[in-house]
Amino acid sequence: MPVYHATVGGERFRFDGLAALLAAATAERSGDQLAGIAAGSAPQRVAARYALADLPLRSFLTEVVVPYETDEVTRLIIDTHDAAAFAPVAAMTVGGLRDWLLARTTTPEMLHAVARGLTPEMVAAVSKLMRNQDLIRVARKCEVVTRFRNTLGLRGHLSTRLQPNHPADDLRGIAVAVLDGLLRGAGDAVIGINPASDSVENCLAMMQALDGLRERFDMPAQSCVLTHVTTTLEIIRRGGPVDLVFQSIAGTEGANRGFGIDLALLAEAEAAALSLNRGTVGQDVMYFETGQGAALSAGAHHGVDQQTLETRAYGVARAFRPLLVNTVVGFIGPEYLYDGKQIIRAGLEDHFCGKLLGLPMGVDVCYTNHVEADQDDMDTLMTVLGTAGVNFVITVPGSDDVMLSYQSLAFEDIDYLRAVTGAGPAPEFQAWLQRMDLAGEGALPDMAEMTRRLGIVA
Amino acid sequence: MSKDLIERLHALTPSRVRLDPAGGAAPLAAVLDFQACHAAARAAIHGQVDWDSIAAALDGSSFRVASRATARADYLRRPDLGRMLDPSAIVPKVQCDVALVVADGLSATAIAHHAPAMCNLLMSALKGMTIGPIALVEGGRVAIADEIGDRMGARLTIMLIGERPGLSVSDSLGAYLTFAPRAGTPDSLRNCVSNIHDKGGLDHAAAAHKIAWLVRQAMHRSLTGTALKDDSHLLG
Chain A
18 MPVYHATVGG ERFRFDGLAA LLAAATAERS GDQLAGIAAG SAPQRVAARY ALADLPLRSF
78 LTEVVVPYET DEVTRLIIDT HDAAAFAPVA AMTVGGLRDW LLARTTTPEM LHAVARGLTP
138 EMVAAVSKLM RNQDLIRVAR KCEVVTRFRN TLGLRGHLST RLQPNHPADD LRGIAVAVLD
198 GLLRGAGDAV IGINPASDSV ENCLAMMQAL DGLRERFDMP AQSCVLTHVT TTLEIIRRGG
258 PVDLVFQSIA GTEGANRGFG IDLALLAEAE AAALSLNRGT VGQDVMYFET GQGAALSAGA
318 HHGVDQQTLE TRAYGVARAF RPLLVNTVVG FIGPEYLYDG KQIIRAGLED HFCGKLLGLP
378 MGVDVCYTNH VEADQDDMDT LMTVLGTAGV NFVITVPGSD DVMLSYQSLA FEDIDYLRAV
438 TGAGPAPEFQ AWLQRMDLAG EGALPDMAEM TRRLGIVA
Chain B
16 MSKDLIERLH ALTPSRVRLD PAGGAAPLAA VLDFQACHAA ARAAIHGQVD WDSIAAALDG
76 SSFRVASRAT ARADYLRRPD LGRMLDPSAI VPKVQCDVAL VVADGLSATA IAHHAPAMCN
136 LLMSALKGMT IGPIALVEGG RVAIADEIGD RMGARLTIML IGERPGLSVS DSLGAYLTFA
196 PRAGTPDSLR NCVSNIHDKG GLDHAAAAHK IAWLVRQAMH RSLTGTALKD DSHLLG
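Each protein sequence line maps, in turn, to chains A and B. Take 18 as the starting number for the first sequence in the working numbering and just add one per residue. Take 16 as the starting number for the second sequence in the working numbering and just add one per residue.
Be a bit skeptical, because a hint or two may be false.
Taking lysine to any residue pairs in the SDA-like style, the calculated list, with each CA pair at most 20 Å apart, reads [unchecked claim]:
#	chain 1	residue 1	chain 2	residue 2
1	B	Lys-244	A	Asp-215
2	A	Lys-358	B	Lys-244
3	B	Lys-244	A	Thr-248
To be clear, the hints were calculated from the coordinates, so they are not data collected in a lab.
Just chain A, same shape as in the assembly (with noise of 0.2 Å):
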């Protein structure tokens, strides 16, 4: 195992191999804390970041942070690592890397060049190098743009999911939900329910139901019920209109098993979705959930910070086609970010590093009740996150979800977040809402009309 020095203050510090390293290297929040592999002091971390701006990215190459032979996500990272697209930072240390990624020099074609070249930890090292600023500003230079029934991604485009979820999985209640989204221009990420129940007749229901609606208002977007993936296998297997696959994710083997999940089925899952061949500007068919803690909370950390293991989850993310990617940066708890000023340096982090190994960025912007945040820690993230080019932001009616009991962004925050970025949404979807009078342009739609084509019966 190597071993890390640095001096800080006249002391000097010792970091016994490369998690330890990159843990201490960390900002501090409350899930490292819990891990017990945060840096004891002040000093320390910033020692941390002197000794790993002088590491060389090669040695990522050779130095894991979980065993290879163990952990099928470490070797997926080792074993598809682009050797000739690392080539332009080869030479570079971690330090060299963010001094490269600030250049005006380095154009948002170079750094998508390098995505292939660059490993989660490596990514995840340099975050932990920069401050917000040098987030947003990388962040925003990197441009993923991904397809299936509308674009997503391109720059100056702010894209949403409308998140319509009823505790019940009352089907009508959900339709109110879409149609208050639809009033305010949301949904062109996707129309995304959370299930409160998981069976396969419950989430087949409500897969028909969106799909009806989207193809009654000729919508050009997608739609998701958020279930385990086994159970959109077995919709699948029925015949059930599958947009997109959905599966929260992880950076480890071990936490991903306690999602019920592995590499294979993933890869099973969306072969099955391309044989619907159901997009039609282009086939990008999964949608990966991640955040900050999965694998501590399941036991599966390995001794690695928290972030870093967020980064591999982006590593296993970009082995696939996924639409969308998001982080659901405050909804895991306190007990790993502990209050606002954790949550908004996380989201941006987690946006930066997905941003840059490649993937369709997003973030759910949200708090729960038992953390200490509120909405004007929401404003401050969200408002930076659009300032970072962040591709899809999640919104729900009046920024409280009534069946996961957490506060995300509320349908009417597009309209701040439109205004003050100047985003509009995916260029197909606004030439819909335009159509629809949903626009904000004009005459007001016809809620009567609207209700009657969502087929409710009030």
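Dock chain B against the given chain A, drawing on the hints supplied.
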């Protein structure tokens, strides 16, 4: 636009739908109502369960144990301690089909409003099975039921736990079913019935029906988790 139509649409969901085609910034009344609900949820998280009242309302016998994280500040930051029984805990070794476990979780009010009624309904819905004395757990997380069920000698545990309060509902109860409970059981080997409350969620009778169906399936197939799908509604 009909005001009547909007009212009827509102009645179809507990969500904070606005249904205003004109849009614009959120109205101040909605902003302040949100803040009031957030304040109430924050207060609920730090509430205490009156375990004596819970025990008195149960049709069966019960016993009390605590986790290693009974202070709320510890409970929030240290879920690992909430999954472990306090070393002084005494768990009766009874050998039973089902261990019913009730834990405060993140909502003391969920336990007060729903736990006794759910326990009593489940005990009658599971007639024919042996059910141990009900474990009442202070400072408990879901996985603490594994150790309790194991020490009781139960084939399956039903954990009823207070879910994290949302803005609209701060008394939602969740039920987690685990076959062959052992410390270290992954969450993928559990089944969950969530949102048990009377503000648009699952009512007690429907929840008990669903849980009892899952329990019988689990006993029959000797498993819980993602391999066991909830098809209870097909059987009426």
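Straight-line alpha-carbon gap Lys-358 (chain A) to Lys-244 (chain B), limit 20 Å: Judged against 20 Å, a Cα distance of about 40 Å means the pair is violated.
Can you confirm whether the C-alpha distance between Lys-244 (chain B) and Asp-215 (chain A) stays at or below 20 Å? 7 Å, holds
Taking only the CA atoms, is the gap from Lys-244 (chain B) to Thr-248 (chain A) under or equal to 20 Å? 8 Å, holds
Checked against the numbered hints above, the structure violates only hint 2.
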